[in-house]
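Student: Here the sequence shown stands for residues 12 to 866, where the numbers follow my numbering.
Please note that the accuracy of each hint is not assured.
[As the list claims (entries may be wrong)] In silico lysine-lysine, DSS-like type, Cα no more than 30 Å apart, as pairs:
id : residue 1 : residue 2
1  : 162       : 221
2  : 127       : 90
3  : 109       : 126
4  : 109       : 90
5  : 90        : 194
6  : 162       : 127
7  : 545       : 507
8  : 542       : 507
9  : 127       : 109
10 : 738       : 838
11 : 221       : 272
12 : 330       : 272
13 : 194       : 272
14 : 330       : 162
15 : 162       : 109
16 : 194       : 221
17 : 838       : 808
Since the hints were derived computationally from the structure, they do not count as laboratory data.
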Amino acid sequence: MRGFEGDNFRDFREGSGITSGAWERRDVEEMRRLLDRAVAASVNGIVISDPSLPDNPVIYVNSAFERTTGYTRDEVVGKNCRFLQNGDREQPEVAELKRAIEEGREYRAVLRNYKKTGEMFWNELYVSPVFDDEGNLVNFIGVQHDITERKVAEEALSEQEAQWRVLVENNPSFVALIDTEGKATYYNSGWLDYLGSDSEEVLRKEWPQKIHPEDRRELQETLRASYLLEESFSIPSMRIQRADGEYHWFSALVSPVRDDKGRVSSWITVSTDIEEIRAAEQALRESEERLRMAFRATSLGAWDYNPITDVLQWDDRTKSLFGYLPEFDEVSYRVFLDALHPGERERVDASVRRALDPESSGDFEESFRVVLGDGSMRWLYSTGRAFFDEIDGERRAYRFIGTILDVTARMEAEEERDLLLAREQLARAEAVSARRRLDFLVRADGVLLGSTGYYERLADTARVCVPDLADFCLVDVLNENGTVSQVAAAHADPTKQELLDRLHRHRSLGDDDSGIVLRVLESGRSEHFRKVSKDDLRDLASSEASREILNELGVVSLLSVPLLARGRTLGALTLVSSDRERVYDDEDLSLAESLAYRCALAVDNARLNHERNRIARTLQNSLLPRIPEVENLEVGVVYISAARGSMIGGDFYDLIPTEDDTLVALVGDVCGKGPSAAAVTALARYTIQAVALREDSPANALNSLNAAMLRQAEDVKFCTVACARFKGTENGAFELSVARGGHPAPLLLRASGEVERVSPQGRIIGIFDDPQLVEEHLRLEPGDALILYTDGIIEAKNAAGELLGEEYLVDLLEGSTGLHAEDISEKLRRRTLDFSGGAAQDDVAVLVLKVPEHR
Numbered sequence: 012m013r014g015f016e017g018d019n020f021r022d023f024r025e026g027s028g029i030t031s032g033a034w035e036r037r038d039v040e041e042m043r044r045l046l047d048r049a050v051a052a053s054v055n056g057i058v059i060s061d062p063s064l065p066d067n068p069v070i071y072v073n074s075a076f077e078r079t080t081g082y083t084r085d086e087v088v089g090k091n092c093r094f095l096q097n098g099d100r101e102q103p104e105v106a107e108l109k110r111a112i113e114e115g116r117e118y119r120a121v122l123r124n125y126k127k128t129g130e131m132f133w134n135e136l137y138v139s140p141v142f143d144d145e146g147n148l149v150n151f152i153g154v155q156h157d158i159t160e161r162k163v164a165e166e167a168l169s170e171q172e173a174q175w176r177v178l179v180e181n182n183p184s185f186v187a188l189i190d191t192e193g194k195a196t197y198y199n200s201g202w203l204d205y206l207g208s209d210s211e212e213v214l215r216k217e218w219p220q221k222i223h224p225e226d227r228r229e230l231q232e233t234l235r236a237s238y239l240l241e242e243s244f245s246i247p248s249m250r251i252q253r254a255d256g257e258y259h260w261f262s263a264l265v266s267p268v269r270d271d272k273g274r275v276s277s278w279i280t281v282s283t284d285i286e287e288i289r290a291a292e293q294a295l296r297e298s299e300e301r302l303r304m305a306f307r308a309t310s311l312g313a314w315d316y317n318p319i320t321d322v323l324q325w326d327d328r329t330k331s332l333f334g335y336l337p338e339f340d341e342v343s344y345r346v347f348l349d350a351l352h353p354g355e356r357e358r359v360d361a362s363v364r365r366a367l368d369p370e371s372s373g374d375f376e377e378s379f380r381v382v383l384g385d386g387s388m389r390w391l392y393s394t395g396r397a398f399f400d401e402i403d404g405e406r407r408a409y410r411f412i413g414t415i416l417d418v419t420a421r422m423e424a425e426e427e428r429d430l431l432l433a434r435e436q437l438a439r440a441e442a443v444s445a446r447r448r449l450d451f452l453v454r455a456d457g458v459l460l461g462s463t464g465y466y467e468r469l470a471d472t473a474r475v476c477v478p479d480l481a482d483f484c485l486v487d488v489l490n491e492n493g494t495v496s497q498v499a500a501a502h503a504d505p506t507k508q509e510l511l512d513r514l515h516r517h518r519s520l521g522d523d524d525s526g527i528v529l530r531v532l533e534s535g536r537s538e539h540f541r542k543v544s545k546d547d548l549r550d551l552a553s554s555e556a557s558r559e560i561l562n563e564l565g566v567v568s569l570l571s572v573p574l575l576a577r578g579r580t581l582g583a584l585t586l587v588s589s590d591r592e593r594v595y596d597d598e599d600l601s602l603a604e605s606l607a608y609r610c611a612l613a614v615d616n617a618r619l620n621h622e623r624n625r626i627a628r629t630l631q632n633s634l635l636p637r638i639p640e641v642e643n644l645e646v647g648v649v650y651i652s653a654a655r656g657s658m659i660g661g662d663f664y665d666l667i668p669t670e671d672d673t674l675v676a677l678v679g680d681v682c683g684k685g686p687s688a689a690a691v692t693a694l695a696r697y698t699i700q701a702v703a704l705r706e707d708s709p710a711n712a713l714n715s716l717n718a719a720m721l722r723q724a725e726d727v728k729f730c731t732v733a734c735a736r737f738k739g740t741e742n743g744a745f746e747l748s749v750a751r752g753g754h755p756a757p758l759l760l761r762a763s764g765e766v767e768r769v770s771p772q773g774r775i776i777g778i779f780d781d782p783q784l785v786e787e788h789l790r791l792e793p794g795d796a797l798i799l800y801t802d803g804i805i806e807a808k809n810a811a812g813e814l815l816g817e818e819y820l821v822d823l824l825e826g827s828t829g830l831h832a833e834d835i836s837e838k839l840r841r842r843t844l845d846f847s848g849g850a851a852q853d854d855v856a857v858l859v860l861k862v863p864e865h866r
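Assemble the whole structure, with the sequences as input and the hints as a guide.
Tutor: As structure tokens, this is what we get:
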């Protein structure tokens, strides 16, 4: 075969011995011509090499080889085929191909080869040896097939399978594959973890027993029927047993997997744990049932409207109010409007639209008439609130809910009253006026009750009077020293408010003995000026500047009434009309006096409430001891009161020096709050103080406290207490005796950083005849600290409802070695408040006593 090139293939055949047999029996020249054409026309690249020549060079390539690689025959002949690897020769297949050629045997390899352009392509190569008649190896024939597209498709499929597996394994849902015979062929790790199995094979055997017995038959029937349809289906609920034996509710979606012919080859199930959803739904149902019971008890109906979907829902009570049976299910906003009396529709519809306006408060309140099916009418009163959110880039109402009440009896009574008043003009006018006054006083009560401070309520009184009762209003108060101060002024016209401020600066309307306000304060009786004359104006203002301001404000009619509460005159309320059409009469005076009484009472209540709170704070502070300076001991104290207003907390602490140079420390927590808790707190502290002075032990001190509390039978209270006695030694250490009655165990922080629980036995104080107290004795060396605390610190909760807990407290203390006792207590205070969001839910008391380290 040496010297074989290009069209010399004919010589190759003659020299190779291939022309024996069939070649000799047929037209040799024709067969050669056909073979030449077949090789040249092949779509696969064909390479022939000569192993008898050095490095087994290529002696022939066909046109398909040239098209595939981009190399011409002249560039290839005489070279070893390894040049196609372009340096990428570390492929395992390359070494195996080399051994096959050395051994003269057939071999199939898939290689990364490179075209003349440098582009890589996957080459599926079949190499076959050619032997002559004597069995000598004369050539190798290689057939190349470019399988790049197939490899790319295989890699893409492999990547998709890998992505699918990653997706399934990391999916929070539970995924399984089921074959057409109903047997599971795959479970993701979520199922294995949930069911407590580390083997899919074991799980397949155990799976039927994991279904709740009550759910198995129904599940089997569902699966059997759904598999026959060969369509996706869902399983709304079923119970599956966890690894710990508990059952959880699951839902599942089952979908068919089809082969390339559209036949179902398997089923994929995606299951979701809906235990929490079921629990939430149950809680919601219970809550809704409680709400329905409450509504039935109050005769209220409820409605719920979605402005986006235009879906309106009525409960049975509301349907009944509109004359429908409970099964009526065609409720809509149009049905609601059509039920209204024609004279009410436009007004009520406008009120609804105002409530749904994103710029409004969302509040709705209306009384209206509805026409029932039999032609009768009913008065209804409804209140509601719209809720807003950003939807599709704009603020919109997404829900509108409210209640409805039948007020027919009340409205019919009012209508009957109005008819009677219409027959008697004077009586009607009086009733209308009375109702106006009542409505005003009700609104005023709402305003006054909405404020809490002394001066805030006085300012609110001035504002509530304008413009309904006056064009401007002044409020003056009588100070403790007998002087008069103007504390509030309001005008219906904001542009004239500055005039009132100027009037205040001139100290008019009650700044001397001739002032009208001072007369009202001294007499406790009202002053009434139906029409204010020039002479009256001189009586109202003591200076020319003040009279000029009053002229500019315009004073037509005036009322000044005392603020009387509980037999005391607190101040005066002055109402001024600048409108000649509004002249104050006796009814206006009566209304003003009623308002003044309500204002005075509200203000006095605010004062009394403030005083109660002050007294409570004073009493609370009186219950907190004054910690003495102690030689050879560092002391840190924390007290956080969670009590609000006039309530008094029940946590207490004390540090008591005794006559024998010992020190008694105690921290306790009394059940409840308020005065009774304060009494028990005082009893506990003073009882232990008295016993400690007799050089008694902590256990005896708590036994004495227990006996004292049991004697208070008329007001049963109990408490928990931890009590410790410190006795100094010559080398600076302290001998320590600790007893506790039902209290959290004190913690001992060693100088080394180790934290120990000091937990002698003992029951709650004030409950049992014998609290069974036991003392624990230990020794505090320099650098050691004892921490006594109440449960308010370990039961502090964060926003998620988690408790701080003793373990966290221990962690804080382990990092507190070397700190002063005050620094330790401050660290505990700060971390407790940070954990609970800045406000303690329960009282906290902490007492830290540390033996100083050697200097």
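Student: Does each hint hold? Answer for all of them.
Tutor: Taking the hints in turn, this is what the structure says about them:
A C-alpha spacing of about 43 Å is found between residue 162 and residue 221, which places the hinted pair above 30 Å, so the restraint is violated. Our distance criterion of 30 Å between C-alpha atoms is met by residue 127 and residue 90, whose separation comes to about 14 Å. Distance check on the hinted pair: residue 109 and residue 126 sit about 21 Å apart at the alpha-carbon level, within 30 Å; holds. Our distance criterion of 30 Å between C-alpha atoms is met by residue 109 and residue 90, whose separation comes to about 15 Å.
Simply put, residue 90 and residue 194 have alpha-carbon atoms about 58 Å apart, too far for the 30 Å limit, and the pair is violated. For a cut-off of 30 Å, the pair hint linking residue 162 to residue 127 stands: about 20 Å separates their Cα positions. For the hint pairing residue 545 with residue 507, the CA-to-CA distance comes to about 21 Å; that is within 30 Å, so the pair holds. This hinted pair checks out: residue 542 and residue 507 have alpha carbons roughly 21 Å apart, not beyond 30 Å.
Proposed proximity of residue 127 and residue 109 is supported: the alpha carbons are some 23 Å apart, at most 30 Å. Of the supplied pair hints, the one linking residue 738 and residue 838 holds, its CA atoms being roughly 27 Å apart against a limit of 30 Å. Proposed proximity of residue 221 and residue 272 is contradicted: the alpha carbons are some 35 Å apart, above 30 Å. Note on residue 330 and residue 272: the hinted pairing is violated, with a Cα-Cα distance of about 57 Å set against a maximum of 30 Å.
The suggested pairing of residue 194 with residue 272 holds, with an alpha-carbon distance near 22 Å, which does not exceed 30 Å. The straight-line distance between the Cα atoms of residue 330 and residue 162 is roughly 69 Å, outside the 30 Å bound, and the hint therefore fails. Taking the CA atoms of residue 162 and residue 109, the gap is about 23 Å. The hint holds against a cut of 30 Å. Taken as a hint, the residue 194 and residue 221 pair is honoured in the structure, with Cα atoms around 15 Å apart against an allowance of 30 Å.
For the given pair, residue 838 sits about 17 Å from residue 808 by alpha-carbon distance, which is consistent with the 30 Å threshold.
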